Each structure stands twice: as structure tokens, then as C-alpha cells.
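> Based on the sequences and whatever the hints tell you, model everything.
Chains as they are written, first to last, in my numbering: chain A, 11 to 421; chain B, 11 to 421; chain C, 11 to 421; chain D, 11 to 421.
These are calculated hints, taken from the structure and not from any lab test. Owing to the predicted nature of the structure, the values given are computational and were not obtained by experimental measurement. Each hint can be trusted.
Sample of chain C residues with no beta-carbon within 12 Å of chain B, all distances over it, derived:
#, residue
1, E119
2, D195
3, S221
4, K421
Dumping the calculated DSSO-like pairs for lysine-lysine here, alpha-carbon to alpha-carbon at most 30 Å:
#, chain 1, residue 1, chain 2, residue 2
5, A, K242, B, K324
6, B, K416, A, K123
7, D, K348, A, K242
8, C, K252, A, K417
9, D, K116, D, K242
10, C, K324, D, K324
11, C, K116, D, K415
12, C, K17, D, K416
13, D, K360, C, K206
14, A, K324, D, K242
15, C, K417, B, K206
16, D, K415, C, K17
17, A, K348, C, K415
18, C, K232, D, K360
19, B, K421, A, K324
20, D, K170, D, K186
21, C, K242, A, K421
22, B, K360, A, K360
23, B, K417, A, K116
24, A, K116, B, K416
25, A, K416, B, K348
26, D, K116, C, K417
27, B, K184, B, K62
28, C, K242, A, K417
29, D, K242, C, K324
30, A, K324, D, K324
31, C, K415, B, K206
Some chain B residues close to chain D (C-beta under 7 Å, calculated; not the full set):
#, residue
32, D311
33, R312
34, L377
35, D396
36, M398
37, G399
38, F400
39, K402
40, R407
Here a beta-carbon is modelled for each residue, glycine too, at the ideal position from N, C-alpha and C.
Residue-level listing of the chains:
There are 4 protein chains.
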Amino acid sequence: MADKRVKKVVLAYSGGLDTSIILKWLQTTYGCEVITFTADLGQGEELEPARKKAELLGIKREHIFVEDLRDEFVRDYVFPMFRANAVYEGQYLLGTSIARPLIAKKQIEIAEKLGADAVAHGATGKGNDQVRFELAYYALKPDVTVIAPWREWDLLSRTKLIEFAEQNQIPIAKDKRGDAPFSVDANLLHSSSEGKVLEDPAEEVPDYVFSRTLSPEEAPDKPTVIRIAFEKGDPVAIDGVKMGPAALLAKLNELGRANGIGRLDLVENRFVGMKSRGMYETPGGTILLPAHRAIESITLDRGVAHLKDELMPKYAELIYNGFWFAPEREMLQMMIDKSQEFVTGEVTLKLYKGGIHIIGRSSPYTLYDQELVTFEEGKVAYDHHDAMGFIKLNALRLRTLAQRKKKLGIK
Amino acid sequence: MADKRVKKVVLAYSGGLDTSIILKWLQTTYGCEVITFTADLGQGEELEPARKKAELLGIKREHIFVEDLRDEFVRDYVFPMFRANAVYEGQYLLGTSIARPLIAKKQIEIAEKLGADAVAHGATGKGNDQVRFELAYYALKPDVTVIAPWREWDLLSRTKLIEFAEQNQIPIAKDKRGDAPFSVDANLLHSSSEGKVLEDPAEEVPDYVFSRTLSPEEAPDKPTVIRIAFEKGDPVAIDGVKMGPAALLAKLNELGRANGIGRLDLVENRFVGMKSRGMYETPGGTILLPAHRAIESITLDRGVAHLKDELMPKYAELIYNGFWFAPEREMLQMMIDKSQEFVTGEVTLKLYKGGIHIIGRSSPYTLYDQELVTFEEGKVAYDHHDAMGFIKLNALRLRTLAQRKKKLGIK
Amino acid sequence: MADKRVKKVVLAYSGGLDTSIILKWLQTTYGCEVITFTADLGQGEELEPARKKAELLGIKREHIFVEDLRDEFVRDYVFPMFRANAVYEGQYLLGTSIARPLIAKKQIEIAEKLGADAVAHGATGKGNDQVRFELAYYALKPDVTVIAPWREWDLLSRTKLIEFAEQNQIPIAKDKRGDAPFSVDANLLHSSSEGKVLEDPAEEVPDYVFSRTLSPEEAPDKPTVIRIAFEKGDPVAIDGVKMGPAALLAKLNELGRANGIGRLDLVENRFVGMKSRGMYETPGGTILLPAHRAIESITLDRGVAHLKDELMPKYAELIYNGFWFAPEREMLQMMIDKSQEFVTGEVTLKLYKGGIHIIGRSSPYTLYDQELVTFEEGKVAYDHHDAMGFIKLNALRLRTLAQRKKKLGIK
Amino acid sequence: MADKRVKKVVLAYSGGLDTSIILKWLQTTYGCEVITFTADLGQGEELEPARKKAELLGIKREHIFVEDLRDEFVRDYVFPMFRANAVYEGQYLLGTSIARPLIAKKQIEIAEKLGADAVAHGATGKGNDQVRFELAYYALKPDVTVIAPWREWDLLSRTKLIEFAEQNQIPIAKDKRGDAPFSVDANLLHSSSEGKVLEDPAEEVPDYVFSRTLSPEEAPDKPTVIRIAFEKGDPVAIDGVKMGPAALLAKLNELGRANGIGRLDLVENRFVGMKSRGMYETPGGTILLPAHRAIESITLDRGVAHLKDELMPKYAELIYNGFWFAPEREMLQMMIDKSQEFVTGEVTLKLYKGGIHIIGRSSPYTLYDQELVTFEEGKVAYDHHDAMGFIKLNALRLRTLAQRKKKLGIK
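Here is the structure:
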């Protein structure tokens, strides 16, 4: 358990029942001053109620921080990650993982400003989020005290939590008295659900779990065709309309939602060592990934593209495991960003009932050279006679191996 | 150019106009005996016409080889590759790449049996297939002479080819007189199209190019739900019906075709150095990949899964570049195969208008442990207090770095 | 702390003061039966005194296990690791890391046989060895209880330890009363020293720390020339004399010792998160590594050799971190072992005052082909005209990039 | 063969017999103007004789370029490569590989300035150097014509070369009439020898081949102790004396030479497909590598260090294969350079009869923290109780695997 002699703690506060209980528990257990930090990362909830609730729970006005981080989140976290085409375990778009470092960073900034010695979060003791929050805290403020109530307290059943809330005059919405049928995390990139009704990986995810996408069956019977413009690896416009990072991702989410795009039912390997089953909805991101790959396909050199592909799993793992602020992630990022210098141009996509179909791409920086590739003999660089030498030298070591086998009479 | 003193050459012969011209050209240019090899890899054409045409062109009966390789192709080439979740450049399922080594191997076997000193193929001088054929030839018979007519002859326009065909009494189907609007390769795994009308990557692929799939729009309005059973990483049954490798892949192709699944419009980087745009239809394979990942998701250990993911790009590149018979591909394969020991179980998928949605997976060897993952404190291995130590030691180096920054006054 | 309800514990027992104290502490704290396991891994100490001491401390005869593991250690742990050319952080030959899994495995085997429910080791709470022991325990017996006294007890100073020893009638050698000036680990592969007098990495290691090697200055003024024969990647004979694994490594140690070979002063990164400075003496291993590389240099294909080199850091890290029994280490090992099929032949080395100089290598399976490499034009596979095509296709993407720069006016 | 319509060619000209013959051959074969470029990369030959010889062979004064590139070579090529700890195939310090791109770059600069349309080099058709020169040419000037006389002409024996020289009034030194017993390449980083007397890899390299180092036996009987100071990964001073890049490397060479350091007898895998045996002398570089690793060992974070180690083989392969100007090498370099930000400090080494022994290292930016590592319980970040949680979560997946085995009754 964290050191009891804590004076001021910055709590990542959503305004919901659980973090309100944490708020009170921190006050009563540590006898410390609580500073709340509530961020809008696009989770789709208003922030003002959180402010009011914090006040109600006795937090001083100057200790209540509420911030709209949507643009910062998309510009400095989501887009850099998509430059790398990052997917964890071949499929997961890292929607939860990428939000934690930003929240942690803001908590630490507030702690530094107000001289707080501790930070607290509401992540459980079994998941990845505790790791992501805390690695970020420690990386940014090595002497900080971290309080993780779910690992410390004895409020280990719903009944006990509700009791504690009642004893402490914390308002309880009716539908929060019982256990939730699953738990949710949401931000502008995605919404994830896990636990309870989702726990048997053989059972289909029930319809009521989805919140952010129509099902493919509900989506329109006609495809939607869109054009995404990229500059240096980042999307900057849709159908010719320039947009800021958050607005653009919101627009992609809307397009994805309407077309039944972005549902993912996945069993993944947690950093803390067990497998878990999650259901993710990432409508905009699911469109963005192949679109980004498509613009890269004509603007990136092969050597660069393959190096990126080889390093991607490690990069994605670093983000998943919570090492956003580790120097090796920063090194990889620098390399990835460098590669995006000419990743500029337009991609045309067809969205249809859950599917994304690239149908065209163009760029002022294209490396696709019709003269080279055409079956007519090009005038320039490619002479098909060169292929023979190319093949023969590539074959040389294989022939030497075959010669050895022959000599040894090995089949 | 290959050594003129060639006595017997084994030609990969499709029975079509182009390889018939090659057949004659080999006879007239090299004055050598030609042996034809025609294989059924599931390309969807009958083989007997090829046999007859070879006879017509003067090939001795005992020099005409026709073989059904569908099961061998799927069992020994396609399935091993899918065990690795191989995709080239994030998307291409390697449908053409994986067929070449098998054809080459059979040509070499015939050459060894009949004492032929040369082999020939009909791949052009600009593509990857020449490399794939020839690396395989050399790896299996280091002293073989390779004849690649498209790199050697002067029949460089359609007019010249047709002239040569006419002069040599080669029958010409009416629709073969003009240039084809695109070129096609097909086998049981996929059908690919490239060239001419597909050359501008900004232009949508015209409808008439697709041959193996309905468009998502044409697909049924109701989803199809299927169960695929896996044993040691390979699919063995669909909806409880056991099938051999080729039959199973054919069934998946049928399911994919009907549901508009498996179209891919891609710009890729060729081994010979330029970018090219291709259109691929891989209906069954496109279903198989996520199904395989799904069964792996509950049966593979994280360390193994991540190692596989890190090595996959290299493995896929080896296959794409034609190094199937290289020892490093075999080393990687051995490792991948070892990993599949317990990749056994069932996956349920929903197919709908181009989309594949995993909705359940189960296995007698599952590593997914509901007791571990549940939010209720498990009785067994997981104690959430352990998380603190885990995080603190993972954070230690980051804290040390932060301490250094602090000491140096670096932001 | 481990569960108090432990009945029987298998202790890794050296017979020294520290593990004798642990023995007593286990009896008094847990009230459990203690089984001792003492192994000869070539650390250079006799085992019978350990047996007697265990008896003296009240351990039943049938609970005292003493085993000579030298051959098993070298054959199944050291040699497989050297097949991979494993070095951690570019330099460390993993001498301590590789011994822990074997000791742990034997403890678990005894636990299974005698129905013990716990195991204990004498590694401290700050090092890597606790991790290596315990990961192996858990991997082999998932329900085992692990007792790590150094993390549990309050005997945190030398004074307290000695007091406890005196109170419990544990004999104390005179030179063990004070703190040791550094701590040592030893086995047939190496001897390591760390702590106290070695803690300042700017200070030279004092002469008295070295125990297993002459200094280069003390070594003879004449070089020693030896021939090492390899079979499938493992050394099997020195100067024509066949030897078993342990005898061979002992002989190499002797040769290394005499010639001042194998001292390494290193600052390394521990798995538990901090840097530490160690001094290693690995006389035989330091000879073996370049000798193995030399025999590989003529018998391994380039593709295989480079794949091994790329995977080696990960393999070494797995061993260093204690993941010997993890499935990904086993996968890598299988691949590495496969690569060694033809790594058979002889290497001649000159040993001289700390240096190892390869002066020759030969193999019945050599891939080094003098005809290919000679400047005279070979008759066989290499035609220098092929080089042009090889270069031009390798250059193609670079030329396309340069063309883009030119078009854009970029320097 | 290159296009005959060449007007001006920039030749990499050493002033020796072979490149003088090339010079004449270019004039007579291509009827083109020849521009000579002679560079001092520290090969240890004077440049003025080359200038005079070029004049004698009819080259206009304004077409003779002679340049001292030593500082540029070391600063912009050698040091960046050592930041990566680059070694090819575990041993080779890339002394030849790293020099070619610089020479090629200068030739292209001259070609651009003087409007030359071609470049020529004197590398043979069997080696790596032709690839390195030409990939660099093409990467920097995609439309350049490359002339590689050794692949084109018919002067394939020493006799024919001498005849050609005599017919063209090229002065021939007496000792150049016969075949050289081996061929040499030299620059400030190293000297390499290969061919003829070195071709049997079982035979020891004869003494007369070495030119740049004393043998370990000849070296002094007393060790030399030196201190190398690093700034951001590059050596900047020896024993407190600041030096420019070339001067510093020259000083290290001198120290290495005197102490018998830097000889390497190696069989390596060439990019063009065969194995070759070379003898390398890299006295300064052989000291620099472990010194650089030593300063990194206290200043680099583990995550960064391990990422560097994993990428190093690829980076070294790129340089070896001639891809210095490829964008993926530049991406890797950028990442490596970023990592060196705090690689500043001093390393103390003992040089003795061929051996290099690190005996101390210190840095104002050290991450080595004596309080963390000491066996006394630190006050700060490390609590040894954390180790238990760390181990248990790392063990979790291994325990789950073991549980599965148990359930299945697998040993």
C-alpha cells in the first residue's frame, strides 16, 4: 500500500460513482487533499456534471480541473500511432492504451503545479490500465506516490461499495446499484467493453453491448464513397474539407458508425499475464488504418515500408504495455515520423456494411511509376535482361547448398 | 541467354496460347526436346485440352505430364503459410507466390527422372514470378539450365507473337489475337489480375476484372454463420463436416464468393524493385486468416504469439521473394509448426457482404481462464497485490531516467 | 510472504553459511520439513561437506539430495546456448543465468517425487537470480509455493544473520563473520563477482577478485595453439582427443585460465530494472564462442547465419531474464538446433595472453568454394556479368527515390 | 555493358597501375573525356604522385581532382557507424564497406559540377565493392551511366593487362608485373587483404600479409592504459587531449598497432552470394567498439540498448551490402543518433598484446545508481518486496501453460 503520509493527491476523476467513491475513500483513508482532474477525450460525456459532483463532494473550486483534450489526444497520440500502422496482436487498434498516457501526463502536470505528492486512478488490479497509468506517472515524476484504490481497499463487492457510498452521502444513480453487465472504456478513438456477459469467448457478444456502431445489417444498402487527404502521414481532410484532428476523427467515426464499421471481438494477451476477451468499436480508426496503408503504398520506399512492418509489433506492444513515455518508444516514433515526410496524397474508399474497400490512391510524391511497371519495355531504368543476373546472384547461395546436399547424397 | 546446347527442357505448360508459342519457340530456337508439365492447382481449367494441344504441337506422349496437385498444394504450401498468419506488406495473402515453388519442384522432379538438363517457364521479365520459379529451380537442381523466353526472345509485341503462332500452326482463339486488357494468375487460393486497365492506381478496378467473387453489394442480405474446426493450426472441418485440404479450401472459396469476400486492390513492392498494382480475389483465404488468428488467440501463449508476429513480416517476404526452398524459410517454418501443437478447436464466424466477423471460439486446449480474468478475485494464481510490484520494477528504469533529467534540469 | 501452511520444502542448499541459516529459518518459521538439494555444477567445491552439514542441522538422510550435474549442465544447457552464439548486451556469456534453470528443475523433480509443496532458494531480492529460479519453478510446477527468505525475513544485516546462526547452533567459519568484500557465483562455465568493492564502475577490479584465470600479464610468453572439433554445433574434441561435455569445458577452462583468457568487467542491465557491475571469468566459454562462430562461418548459409544473428539478442535476453522454460525460448532453440545440422569440422586457434586468434577452419560440409571466390573466372555458378543485373535491380528503388527528389527539387 | 555514348566519365583513380589501365581503357573504348578523382581516406599513400600520373596520361589539369577526405570520412561515416556498435556477422568492423559511399558521393558531386554523364570504378566483378559503389552512384544520380571495366573488358589475365599497359605507355613498376599474392584495400579505419595466398581458410595467414599491426607477440610486455572521452557517442579525446575525428582515429590506430590489436581472420558471406576469406587489420576501430559499449553501458537505458542491439545486425548488413544511401539506413541512423544524446563520459582501457580490457567508466549522465544496486536496502525506488509481484505476474502465463500440460497429462 502506498505511503500513508500523502498530502495532496491528483485523482483522475470521471464524475461517475466509482471514482466518486475513490474520492471519498482517499479523503477518509489518507486524510489528504484531493484534486480532481476530468478530461474530455471524446468519451461522449459532458464534463460539467463532473465539476458539480466534485464540488458537492467537498473539493475546492481551485482544485477541480476540467479540460477538453480532444485535439491534443488525436494530434499527439492517435495520429502518431496510426503513422506506424500499429495493431496489437494483429488486430487491436489500441484505443484504450493510447489514452492513458495523456491522462497521466495531465495529472502529473497538475501535481507539479499544485505541489501534490500523489496521484490516483480508478483502474482495477487485474487489467492493463493500472500499468499504463503508473508507468506514465513514474516516467514523468519519479518521486510521485501512486495510489491505486482497487488494489488497496477492502471494498471488494458491489454491496460494500454501495454501502460506502451511502455512508458518505455519495449520490447513487438507480442503475448503478447492481453490478454492471460489462465494463466500458470510451474515448474519441474507440469504445471497449469487457467483463461479465462477455467473459465466455465462445459466446457471441450480445447486441446491447454495442454503443458506437450500427451493425453491418442495419447499415445502408448503398455504399458511401469518401476521399481522405493525408499530409505527412496524417489525415487532414475528408472529401476536400479540411478539418482539425478531433473533428476529422469524429467525422470518420460518424461515417464508420453509419456503415457498420469497426466492431472487433477479440481475445487478447494482457501485459499482466492472462488472456481477456474484449469487444471494441473503433469506427473511424478502422477506416483510417487501411487508408493510411494505401497512401503509404505509393509514397513509401520498399526498404522503409518493410522496416516499419518489422518494427510495428514491438511498437504496438510498447503502447499496449504502457511504455508510451519510454525512450525506446520515442526512438521508434522519431524513425516512423521521419518516414512520413512524403506520405501525402489522397485515398478513395468505399464503405459498405462493415467493409472498407480501397478503390484509388494518388500523390504528388508517388513512387509508383507506370513506365517502370508496364509490360512494354520501359525506356528508363528497367531492362528485363537485368533480371537474369539478379536471380542468378540471389540463387548462388541456394545452389551452393544444393551442391553440398548432392555431394553428401542427401535428399 | 541460356546456353544453346540444351537437350531436353521441361516446360511449365498451361495449354494456352502463350506457353504454346514458348513450346514451339523452344523447339525451333534450341532444337531441343520439350517435355510439358501441366498442373491442376485449382486454377479452374481442365487439363485434358492441354494434353491434346501438346500432342498436336508434336510432343511425345511419354513427354506430356499432367497432374492434379490440388491437395498437395493446399496441404504442403497454403496451410503451412497460413499457420504463420503470413501477409505481405500488411495485406497481400501471397496467393501467386505460394504456387510457384510447387510447380518448379514438379518440373525439377520430371527433369531428374527423364534426364532433362533444362527447365522453362512463361513468366515475364518484369515480375516476381520469374524469380520465384528460378530460385526454386536452382535450389533443387543447382546445375539446371533455366530458359526464360520472355527475357530472351524478340517476340515483344502482340503482333509478333501472333505472327510466330501463325507461322508455326499454333491454333489461336479469336479473343487472343489482341492484347488482353489485363493479365491473370489463378489457383485454388486466389486469382490475381494486373496490368493494362489496372495500371493507374487512382482508378477503380472495373467490374469485369473480378471473376471469383460476387461484389459485396450482390451478396445475400442475410449473414452466413459457419464454424471452422482446426487441428494443429490447420482447418479440418466446416460446420462439422471433415474435408481434405483442397475440398476445404474450395468450400471456403464458395462461401467467400457468395458473401462478397476476398477482394483486395493493392499497390505492392515487387522484389525486382518497382511498385505494381494488382487486384486479388482470395475468398477462402480471407476467411481463413482471421479464423486462424481467432483459434490461436485462445490456444497460443503470449510469448509465442508475439514472437510469431515479429517474425511474420520476414517470413512473408521470403515467400513473396521466392525463397520458399531457402533454409531460413525452413527454419522459420519449423518454429511456426512447433507453435501450432495445441492450436486445435473451433471458431464461429459470420460472413456478410464482404465482412468476416468472429463471434466465438473454443478449444479443449484453451489458455483462456475465466477464473483468472474475472473481476472477482481469483482463488488461484492472480493476486492483484502482485500488480504493484510488477509495475514498480517495470517502472524502475523509467524513474531512473526521469531522475537524470531532473538532475540535469531537462524538460 | 509465502503461505505459512507449507509442509515440505525443497531447498537449494550449498552447504555454506547463508543457506544453512535459511535451512534453520525455514524450520523455525514455517515449521516444515526441509529437503536439501546440493548440486555439483562445477563450482569447484566438494559436495560431501554439504551432506554432513545438512545432517548436522537435523535433515533426515532420505531428505538429503546431492547430485553431480556437470555433464547434464554442459550438454543440455551450456552447449545449446552456445549454438546460438548467445551474448547478453553484446558481451556477457550468461554464465550465471544458464545454471539457474537446471537447479530449479532438479528441485521441482525432487518436490514431485517426495510430495513437497514448496521450494526455496538463497537468492537476494535485488538480483536476477530470484527471477530465474522462480520462473523456472512456476513453469514446471504451477501450484508450487515459493519461499524466498531474503525477501521475507528480517535478518537484514550481517550482525543479525550471525546472531541467528549462533542462536541456532549453526557452525560459522571465521572468515564468514564479517561482510564479504564481494559476492560470488560459480559453475563450470564461469565465476562471477559483484557487490561491495566492485560497486564503483569507474574503479578497476582489484586483483584478488579473480579466481579462475591468470592475468594476461602472468600468462606464458608463447602462444598455445589448439584445435577444437565440432559436431552439429557442439565441441566434441580438443587436439583430436574426444571428450564428454563437462570434461571438454573443463579442459577449455584450463587452457583459458593458463592463457589469461575470459575476464570481463561489465556494467549490465538487470531484468529487475537497475544497472549492476559485475566481473566475470569465463575462460572456456570465451574460447568457445569465436571457435563456434568460425566453424559456422564455413558451414552455415548466409540466410541462416543472418537470421540467427538477428534473433540472438532476443534469445540471450530470454535466458538472462529467466525464461529458459518459456515456449518461445524452446521455439527459438528448435530453430537454432536445426541450423546446426552441418556445423561440423575443425577450428584452429591461437591462445595468447588474453587473446584468442582464429587461424584456420575446415569442414567436410564447407560451403566455402574456392572456385567461386577466386578472382579467376569460375567455370561454375558465378558469371561476373550477372553482377550488373543484380546491382541494377537492387538499385531500382533507390533510383526511383532519387528521381522523386530531383522532380521535387530536393537536395 | 554500359552505353557507348558516354561523353565524360568521373573515375575513382588511385594512381596505381590498375586504375591507370582503366583510365586509358576508358579513353580508347569509350572515346570519352576522363575526369580523375583521387581521395585521401587515410590509406597511407601520397596523393601528388596520382595527380602527376594522371597528367602524364593526358588528363587536363582542371579534370584532376585530389581531395583529403580523412576528417569527413571519420566524422560522417566511421563515427556514425560506431554509434550503432555495428559488426557484420558478429565480427567484421566494416572497414571497406564504409569507405565506398563517400568516394561514390564525391564522384557524383564532381559529375554534377562538370556535367559528366558517367562514373567508373576499379572494383572487380566478384566482390561487394562494385555493389557499394554503384548503389551509391544510382542513389545519388539516378540517370548516371556506370562503367565497371572489370565486368566489361577482356583484359582478364595479368599478361593481358601488362600488354595493354605497355601498348599504352603506362609506366609499370617492377613489382606489378606479376600477380600480387593478395589484394589490399586500406583507409584510415582499416586495411583488408584477400585472395590468392589467403584463399584456403584452413591455412594460417602468412606474417607478411599484415601491414598495420604488430603481432601480439611483438607488442610490448607492459600494458598501455588509456582514457577515451566520448561526447554524444563519439570519441573526442584521448588521455585528456582533444582531437579531431581523423587525428583521434589515427592515434587509436597507433595505440592499437603498437599493442598488437585489431587483426581479424574471417570467412564472411558476400552480398553477391559466395563466401570469402579476408584478413582485416582495424587497430583503432577494435579499441573503439568496446570503449563505446562501455560508455553506453552506464548512460543508455536498457530499453534503448536492447532495441539498438536487435537492430544492429540489420544496420550492419545494410552497410555491408552497400545501402548507405538507402532511406531505411537513414531512418535507423536517425534513431541511433537520437539514442546517443547522453552517451558522454570517459572510459579507461588497458591495451595489452592484442587484448583490450575495460577497467573503468564514468559519466556525468550515468544511470548507474549505487544506491539502487547495493545490497543494502536502498531508501529510494527499489523495494525488494516488489520483486515478488514482478515475478508472479511474469510467471502467470508460464503457470497457465503448465496447468494446461498437467490437465492434458503431458510431460
